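Peer 1: One-letter residues, chain by chain:
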Amino acid sequence: MAITTALPDELAARATAPMSYGKTVAWRLARDPATLVAGAVLVLIVLSAVLAPWLAPYDPNAGSIRLRLAPVGAPAHLLGTDEQGRDMLSRLLWGGRMTLVAALTPVVIGFVLGTGLGVLAGYVGGLTNTLVMRTMDIFYAFPAVLLAIAISGALGPGLPNTLISLSIVFVPRVVRVAESATVQVKSLEYIAAARASGAGVRAIVRHHLLANVLGPILVFASTQVSLSIILAAGLSFLGLGVTPPAAEWGLMLNTLRQSIYVNAVVPALPGLAIFVTSMAFNLLSDGLRDAMEIRA
Amino acid sequence: MSTANGTPPLLEVLRLRKHFPLRGGVLQRIHAWVRAVDDVSFDVYPAETLGIVGESGCGKSTLARLILRLIEPDAGTVRFAGEDVRGASPPRMKRLRRDMQLVFQDPYASLNPRLTIEDAVAFSLLVHGTPRAEARERARAMLGRVGLDPRLYGRRYAHELSGGQRQRVNIARALVLDPRLLVLDEPVSALDKSVQAQVLNLLQELKAERALTYVFISHDLNVIEYVSGRVLVMYLGEVVETGTADALARSPKHPYTQALFASAPSLDPDRRMERPPLAGDPPNPIDPPSGCRFRTRCAFAMPRCGQAPPALREVGATHEVACYLYEAEAAVAR
Chain C
1 MAITTALPDE
11 LAARATAPMS
21 YGKTVAWRLA
31 RDPATLVAGA
41 VLVLIVLSAV
51 LAPWLAPYDP
61 NAGSIRLRLA
71 PVGAPAHLLG
81 TDEQGRDMLS
91 RLLWGGRMTL
101 VAALTPVVIG
111 FVLGTGLGVL
121 AGYVGGLTNT
131 LVMRTMDIFY
141 AFPAVLLAIA
151 ISGALGPGLP
161 NTLISLSIVF
171 VPRVVRVAES
181 ATVQVKSLEY
191 IAAARASGAG
201 VRAIVRHHLL
211 ANVLGPILVF
221 ASTQVSLSII
231 LAAGLSFLGL
241 GVTPPAAEWG
251 LMLNTLRQSI
261 YVNAVVPALP
271 GLAIFVTSMA
281 FNLLSDGLRD
291 AMEIRA
Chain A
1 MSTANGTPPL
11 LEVLRLRKHF
21 PLRGGVLQRI
31 HAWVRAVDDV
41 SFDVYPAETL
51 GIVGESGCGK
61 STLARLILRL
71 IEPDAGTVRF
81 AGEDVRGASP
91 PRMKRLRRDM
101 QLVFQDPYAS
111 LNPRLTIEDA
121 VAFSLLVHGT
131 PRAEARERAR
141 AMLGRVGLDP
151 RLYGRRYAHE
161 LSGGQRQRVN
171 IARALVLDPR
181 LLVLDEPVSA
191 LDKSVQAQVL
201 NLLQELKAER
211 ALTYVFISHD
221 LNVIEYVSGR
231 VLVMYLGEVV
241 ETGTADALAR
251 SPKHPYTQAL
261 FASAPSLDPD
271 RRMERPPLAG
281 DPPNPIDPPS
291 GCRFRTRCAF
301 AMPRCGQAPP
311 ALREVGATHE
321 VACYLYEAEA
331 AVAR
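Protein sequences, first through last, are from chains C and A. So for the first sequence, this note's numbering puts the first residue at 1; every next one is plus one. So for the second sequence, this note's numbering puts the first residue at 1; every next one is plus one.
Derived from the structure by calculation, the hints contain no laboratory data. A quick note: this is a predicted structure, and the numbers were derived from the prediction, not measured. Each residue gets a CB set at the ideal place from its N, CA and C atoms; glycine is no exception. Do not take every clue at face value.
Here are the in silico distance ranges between beta carbons for each label pair [as the list claims (entries may be wrong)]:
#1 A:Asp99 to C:Arg206: 18 to 28 Å
#2 C:Ala211 to A:Asp84: 29 to 39 Å
#3 A:Ala262 to C:Lys23: 53 to 63 Å
#4 A:Asp84 to C:Trp27: 30 to 40 Å
#5 A:Asp270 to C:Trp27: 57 to 67 Å
#6 C:Leu131 to A:Asp84: 26 to 36 Å
#7 C:Asp290 to A:Glu160: 15 to 25 Å
#8 A:Gln307 to C:Ala141: 48 to 58 Å
#9 A:Arg92 to C:Ala141: 39 to 49 Å
#10 A:Ile71 to C:Ala141: 33 to 43 Å
Beyond 10 Å from chain A on every Cβ pair, some chain C residues (computed) [unchecked claim]:
#11 Gly39
#12 Arg68
#13 Val124
#14 Leu188
#15 Ile260
Kindly produce the complete structure, drawing on both the sequences and the hints.
Peer 2: This is the structure we're talking about:
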């Protein structure tokens, strides 16, 4: 019989197992400098936000009338002070905490709810699909910024309301991606094969469907983080988000903007922080998408 | 249909029908039906291979899915070992699924890209409650049996294998449940000729070794002739001729079967053709011709062919054809 590929035992023993999927992704990421740098920057930003109470040299809300709008590099204030004489470094560190919470929470909520609804709509199909997807279309019809402003405006300012309004922005977006990925995977023959072997809906969704749709959804959600940061900061900037005197990058940008003719560098710092963070999230999600691709 | 030896059939398909609705417009109203499978009946006896042959789009794959109840038929019955598959309760259906398995056509889409092949094969066993360690052991043994050394290939992913290797994995996945009936939906048509032969030989070996019954679907007459005992010829969702592979090869009756055999490539220079035996594409199954569906391409079409569809008639022992040309012969045979 010429068709077997059986190996002599000594050769088989030496055959190394091929790389697992996780290892392959890690291997590719390790060879992608842009993604690595973006990841490192993000780790630094998240760490500095988490460790803000220990890293910040001053109380972020303690001001000084004498020391208003000190320039970057002023003695004792590395990044200067704002229009109320509060230390900018401390406020940027504390502000990162607030901005990241306000930006990441809605995306996480959107990811969880959106995946659930999208997979449900895609897998069940029919009337369920129509109901879920057309409801999402209603939200999707509004531009993201407008929707967030409208909901926040109706609910009033404050962090919890910001989280609610941004979650409403992100759920429909994730549902769309999850639904289309599910519909596509559902029609593949390995799902039919699993059904033919007697597997129930739960086993199929858990072992065959989710594993193949979570990747693209995760990558999409990570691209939304940068938008979320801008939206969260934008809401604060408009006075619909976090309320003063709390430090938040968007809010800081708003209050400092009147001082731009007095000191141009200090008001730009929160903007720079927003830019660097959202850029890093974008680069990271791009790199993740490339690394997670299955290549034959 | 009945056999001489009187054993009951393993699979009975009776007047099976599936029409797919075509929807359009804002209201998603049904404006047409695709008649994928129309009143198809046949029996499959234990340990035989029934070949089903026909052009692309004639409803072969739909038929395979209907037999396995992966889609629900509109009408008709499927009985497996005397049990009505269509009426089976969910737990009963789960049990039945162990006995009837399917090998798919596309070796790329039919394996989950996130599972190693031993996990893909073991999954079927886990579904039926086999303990994890035992399922893995049996999956690895099965992979070895289909010619993929589990020490070398077990931990690999589908995209790291060739088409032929993937099709072996598909066969292993189907057989690991120890089914009695295997429906093979174009199992080799996506493979190179040399690999086709290997996979076909493997299938023949496994069939003998495990006393399997095959329903073998293909558009390739050479493949069908090689593996099948009996052959069913389908055209646009209907059976036009059935008979033993020998009888069909020796004297194909239906003009469509004749054209199929005439178009099969041959190494014999005397059988070389200058012109194709059959012109045009099959008509659209959305709106098939009235009466005999083949009449639009048939060289022998008569006025009555357009009036009513011809029924299957016996023209020899276990040889049936649905064509008005053979009415007289059918009467004699009776």
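Peer 1: Can you tell me whether the CB distance of A:Ala262 to C:Lys23 sits inside 53 to 63 Å?
Peer 2: holds (55 Å)
Peer 1: Range first: 33 to 43 Å. Now tell me if the beta carbons of A:Ile71 and C:Ala141 are that far apart.
Peer 2: holds (35 Å)
Peer 1: Confirm or reject: C:Val124 is not an interface residue toward chain A, with every Cβ-Cβ distance exceeding 10 Å.
Peer 2: holds (16 Å)
Peer 1: Taking the shortest Cβ-to-Cβ distance between C:Ile260 and chain A, state whether it exceeds 10 Å.
Peer 2: holds (52 Å)
Peer 1: Are A:Gln307 and C:Ala141 spaced within 48 to 58 Å by their CB atoms?
Peer 2: Cβ of A:Gln307 to Cβ of C:Ala141: about 55 Å, so the range 48 to 58 Å holds.
Peer 1: Does C:Leu188 clear chain A by more than 10 Å, comparing its Cβ with all Cβ atoms of that chain?
Peer 2: violated (5 Å)
Peer 1: Tell me if the beta carbons of C:Asp290 and A:Glu160 are separated by a distance inside 15 to 25 Å.
Peer 2: holds (19 Å)
Peer 1: At the C-beta level, are C:Leu131 and A:Asp84 separated by a distance inside 26 to 36 Å?
Peer 2: Taking Cβ atoms as reference, C:Leu131 and A:Asp84 lie about 34 Å apart, which means the hint holds.
Peer 1: Any Cβ of chain A at or closer than 10 Å to C:Gly39, or is the non-interface label fine?
Peer 2: holds (23 Å)
Peer 1: Could one say that the CB atoms of A:Asp84 and C:Trp27 fall in the range 30 to 40 Å?
Peer 2: Violated: the Cβ-Cβ distance is about 53 Å, outside 30 to 40 Å.
Peer 1: Verify the CB-CB distance for A:Asp270 and C:Trp27 against the hinted window 57 to 67 Å.
Peer 2: holds (59 Å)
Peer 1: Between A:Arg92 and C:Ala141, is the Cβ distance one that fits in 39 to 49 Å?
Peer 2: holds (47 Å)
Comparing the model with each numbered hint stated earlier shows that hints 4, 14 do not hold.
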